[in-house]
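Asker: The listed protein sequences correspond, in order, to chains A and B. Take 1 as the starting number for the first sequence in the working numbering and just add one per residue. Take 230 as the starting number for the second sequence in the working numbering and just add one per residue.
In case anyone wonders, no lab produced these hints; they're calculated from the structure. Careful, some of the hints might be misleading.
Keeping only pairs whose Cα atoms sit at most 27 angstroms apart, straight-line, the calculated DSSO-like set for lysine-lysine is [stated by the list, open to error]:
| hint | chain 1 | residue 1 | chain 2 | residue 2 |
| --- | --- | --- | --- | --- |
| 1 | B | K346 | B | K585 |
| 2 | A | K60 | B | K328 |
| 3 | A | K60 | A | K100 |
| 4 | B | K445 | A | K105 |
| 5 | B | K495 | B | K392 |
| 6 | A | K100 | B | K443 |
| 7 | B | K328 | A | K115 |
| 8 | A | K103 | B | K392 |
| 9 | B | K465 | B | K441 |
| 10 | A | K105 | B | K447 |
| 11 | A | K103 | B | K447 |
| 12 | B | K392 | B | K447 |
| 13 | A | K130 | A | K115 |
| 14 | A | K105 | B | K443 |
| 15 | A | K100 | B | K441 |
| 16 | B | K585 | B | K264 |
| 17 | A | K60 | B | K392 |
| 18 | B | K495 | B | K445 |
| 19 | A | K105 | B | K392 |
| 20 | B | K521 | B | K392 |
| 21 | A | K105 | B | K441 |
| 22 | B | K392 | B | K441 |
Quick look at which bits of chain A chain B covers, simulated, 3 or more residues with Cβ under 8 angstroms [as the list claims (entries may be wrong)]:
| hint | region |
| --- | --- |
| 23 | 78-91 |
| 24 | 108-117 |
Facing chain B, according to a computed beta carbon distance under 8 angstroms, are these residues of chain A, among others [claimed, not checked]:
| hint | residue |
| --- | --- |
| 25 | I61 |
| 26 | G64 |
| 27 | V72 |
| 28 | L192 |
C-beta atoms are modelled at their ideal positions from N, C-alpha and C, and glycine is treated no differently.
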Amino acid sequence: MGLQHLGRHTGLKPIDRVLRKSRLAVLPTRYATLLIALLTGLVSGAAQAQAQADEARARKIVAGVCFVCHGVEGDASSELFPRLAGQHWAYTLKQLDNFKSGKRKSTAMAPMVTKLSAGEMEALGRYFEKMPVSPEPSKEPALAVQGRDIYHQGNPTLGVPACASCHGPAALGTASLPRLASQYAGYIETQLRQFNTRERTNDNAVMHTIASKMTALEMAAVAQYLAGL
Amino acid sequence: MQRRQLIQTAAYGTVLGASGLGSAFANTSSQSGPKVVVVGGGYGGATAAKYVRMWSDQQINVTLVEPNAAFVSCPISNLVLGGSKTMADITTSYDNLSKRHGVTVVRDRVTSIDPDKRTVRLAGGGELPYDRLILSPGVDFIMEGLPGMAQAGAQEQVLHAWKAGPQTVALRQQLEAMPDGGVYALTIPLAPYRCPPGPYERACQVAHYFSKAKPKSKVLVLDANDDVTSKGPLFKKAWAERYQGIVDYRSKHMLTDVDVATSTLKFEFNDDIKADVLNVLPPMRAGDIAVKTGLATANQRWCEIDFLTHESKAAKNIHVIGDSIQVAPAMPKSGHMANQHGKTCAAAVVALLTDKQPNTMPIYNNTCYSFVSDEDVVHVASVHRYDAAQKTMLTVPGSGGVSSAASELEGRYAMAWAYNIWADTLA
Chain A
1 MGLQHLGRHT GLKPIDRVLR KSRLAVLPTR YATLLIALLT GLVSGAAQAQ
51 AQADEARARK IVAGVCFVCH GVEGDASSEL FPRLAGQHWA YTLKQLDNFK
101 SGKRKSTAMA PMVTKLSAGE MEALGRYFEK MPVSPEPSKE PALAVQGRDI
151 YHQGNPTLGV PACASCHGPA ALGTASLPRL ASQYAGYIET QLRQFNTRER
201 TNDNAVMHTI ASKMTALEMA AVAQYLAGL
Chain B
230 MQRRQLIQTA AYGTVLGASG LGSAFANTSS QSGPKVVVVG GGYGGATAAK
280 YVRMWSDQQI NVTLVEPNAA FVSCPISNLV LGGSKTMADI TTSYDNLSKR
330 HGVTVVRDRV TSIDPDKRTV RLAGGGELPY DRLILSPGVD FIMEGLPGMA
380 QAGAQEQVLH AWKAGPQTVA LRQQLEAMPD GGVYALTIPL APYRCPPGPY
430 ERACQVAHYF SKAKPKSKVL VLDANDDVTS KGPLFKKAWA ERYQGIVDYR
480 SKHMLTDVDV ATSTLKFEFN DDIKADVLNV LPPMRAGDIA VKTGLATANQ
530 RWCEIDFLTH ESKAAKNIHV IGDSIQVAPA MPKSGHMANQ HGKTCAAAVV
580 ALLTDKQPNT MPIYNNTCYS FVSDEDVVHV ASVHRYDAAQ KTMLTVPGSG
630 GVSSAASELE GRYAMAWAYN IWADTLA
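Here chain A stands alone, though its shape is the one from the complex (with noise of 0.2 angstroms):
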């Protein structure tokens, strides 16, 4: 629809008389707000196509070969690789960007991410932060209970802080720091030892402190509690 055609049906002095007679600083302030408005339109008209150019292309890259692990909609075929339904966009994608240039090491995922653009790495992340999550009950209930009060108030004996103070009250996490509820509590298990050992050295030194002062006891107890998130 052109502009003067919307002129002339909304009443309004056709576009370019007005542009003639006015800079565009000085422009009366309702023809002003409907050329914001007009602007904003086109904009984000085409911001939508963007993304939607943007989801396609992650559901492909996706149903190419991210689900034989991760699922086509992010909940993992098995605990032994993460969820990444409902993960912070920005937190897959730093970890994308990290299995690239080679700061988190995996040899399963490495060959996965060299072709990937970071545009396609952001695309991604967008889409599986969009994924439905569905908690499973915890398999052992008083190990979730006692995973509860660690998660909630650390262990001051030995050190330990409370999760919840980084990873927050409901475990949902931020840009930076993943969100943890309803993951796999054997996939969390994992990568609290990994920390523990050092194999696992592209996420702040914070996760190495604690992990190393947290009994094998406590790790199963976390993420148990954080599996039935």
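Given chain A, work out where chain B should sit, using these hints.
Answerer: Just chain B now, kept in the frame of chain A:
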């Protein structure tokens, strides 16, 4: 976790033309033609789906039900364990089956079959009616004889990796995490099982990886059979010459239990064996859906069929192909063979649905390449022809053969074979 989802085509009992896929396959939508449902999108099922469409000039409606989002090849997957290939190398989309051939691909799992009503029920809800059903469910594992594997978490720790997929990745991770000087133990069930030479190729691939990355480590092959079941002299030569001191092959080791907590294997007549990484190939049988439908009439394990049409001997209008069948003499359970079953069955189904006589003399071949390193390969080939007197497939005398020695040239043939059969099955 399994959600019903349609992929590639939006049409599922609705009009395909209306979904914007163009008019090329508008006739799939008519729903007026006969209906074939194919269960399982492996080498057998994907081939059958494509060829029913092609050989009926797109006049027969074909719906393929497969839970995975893409095809992951078992052949070549041992190279992912060896480290020379990645999962992306062995994964192929189902897109062409729908786009080029008008197959309706439904990402779901079949939970039950009603042979009288001629319907299949899907895990995601809903039913699909069929005139003829082609069942290609592959193998499932008989875990009953291994009590330790029933413990919580056991099957996530002790892997089979005998269906290419997440377990392939996970087993590779276990091998990488194993310290140098560790032991990887692979157990092989009594034949018949999927892919006779596969376990011995796997031993070579893991040994190849160890020889480069952790040379003090060992590969222990514990075989329930009396001897190597396929390409024996060639594998033994590879172990002796290429992987001396790494591969230790022991026959007549019948696994009776697994103690997951102590990573120990227990045998019928032999001493317990403890290893760092356990890779247990449990005994196998026809895919669960075939067993549940009462088609596994041979020993409750395999499905007996009429080799002219692949129609089940237990249920009319149900055809079984691939690893699930009770094989003919000297017929291996292989991807290549499943592809051949797919075509034989597709031709017969098209004939039966158009009131024609199915071929009375099917003939097909098997080719199997095994990588003894990341480059060098050996092969075995055979030709199988229907014998009207014995009503089974018999190998043609003098056909086929086996490599005299491993070579890099055969390595190139092997990858050419893989690209060609993926194209034949899926493109």
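Asker: With reference to the structure, classify each hint as holding or not holding.
Answerer: Now for the hints, and whether the structure bears them out:
In summary, the hint linking B/K346 to B/K585 is supported, as the alpha carbons are separated by about 24 angstroms, within the 27 angstroms threshold. Distance restraint check for A/K60 and B/K328: the Cα-Cα separation of roughly 15 angstroms lies within the 27 angstroms cut-off, and the hinted pair is therefore satisfied. Restraint check for A/K60 and A/K100: the C-alpha separation of about 20 angstroms stays at or below 27 angstroms, so the hint holds. For the proposed pair B/K445 and A/K105, the alpha carbon gap of about 23 angstroms is at most 27 angstroms, so the pair holds.
Between B/K495 and B/K392, the direct Cα distance comes to roughly 24 angstroms. Compliance with the 27 angstroms bound is thereby established for this hinted pair. Pair hint A/K100 plus B/K443 holds up; C-alpha atoms about 25 angstroms apart against a cutoff of 27 angstroms. Proposed proximity of B/K328 and A/K115 is supported: the alpha carbons are some 26 angstroms apart, at most 27 angstroms. The straight-line distance between the Cα atoms of A/K103 and B/K392 is roughly 31 angstroms, outside the 27 angstroms bound, and the hint therefore fails.
Proposed proximity of B/K465 and B/K441 is supported: the alpha carbons are some 20 angstroms apart, at most 27 angstroms. Proximity of A/K105 to B/K447 is assessed by CA-CA distance (about 25 angstroms); at most 27 angstroms being required, the pair is judged to hold. Under the criterion of a C-alpha separation no larger than 27 angstroms, the hint pairing A/K103 with B/K447 is inconsistent with the structure, at around 31 angstroms. At most 27 angstroms may separate the alpha-carbon atoms for a hinted pair to count; B/K392 and B/K447 meet this at roughly 24 angstroms.
For the hint linking A/K130 to A/K115, the alpha-carbon distance of about 23 angstroms falls within 27 angstroms, and the restraint holds. Using a Cα cut-off of 27 angstroms, the hinted pair A/K105 and B/K443 holds, with the two alpha carbons roughly 18 angstroms apart. Between A/K100 and B/K441 the CA atoms are separated by roughly 24 angstroms; this keeps the pair inside 27 angstroms, and the hint holds. Restraint check for B/K585 and B/K264: satisfied, since their Cα atoms lie roughly 17 angstroms apart, inside the 27 angstroms limit.
In summary, the hint linking A/K60 to B/K392 is supported, as the alpha carbons are separated by about 23 angstroms, within the 27 angstroms threshold. Straight-line distance between C-alpha atoms of B/K495 and B/K445 comes to about 25 angstroms, which keeps the hinted pair within the 27 angstroms bound. A threshold of 27 angstroms between alpha carbons decides the hint, and for A/K105 with B/K392 the separation of about 26 angstroms falls inside it, so the pair holds. A hinted pair counts as satisfied when its Cα atoms are at most 27 angstroms apart, and B/K521 with B/K392 qualifies at roughly 20 angstroms.
Between A/K105 and B/K441, the direct Cα distance comes to roughly 19 angstroms. Compliance with the 27 angstroms bound is thereby established for this hinted pair. Only pairs whose Cα atoms come within 27 angstroms are accepted, and B/K392 paired with B/K441 is accepted, the gap being roughly 26 angstroms. Look at the region 78-91 of chain A against chain B: 4 of its residues bring a Cβ nearer than 8 angstroms to a Cβ of that chain, three or more, so the hint holds. For the region 108-117 of chain A, the proposed coverage by chain B is satisfied: 3 residues have a C-beta within less than 8 angstroms of a C-beta in that chain, meeting the threshold of three.
Proximity of A/I61 to chain B is violated relative to the hint, the smallest CB-CB distance being about 10 angstroms (cut-off 8 angstroms). With a least beta-carbon distance of about 7 angstroms to chain B, the hint placing A/G64 at the interface is held under the 8 angstroms criterion. Satisfaction of the interface hint for A/V72 is found here, the shortest Cβ-Cβ separation to chain B being roughly 5 angstroms, below the 8 angstroms cut-off. The beta carbon of A/L192 comes no nearer than 15 angstroms to any beta carbon in chain B, farther than 8 angstroms, and the hint placing it at the interface is violated.
The structure shown violates the earlier hints numbered 8, 11, 25, 28.
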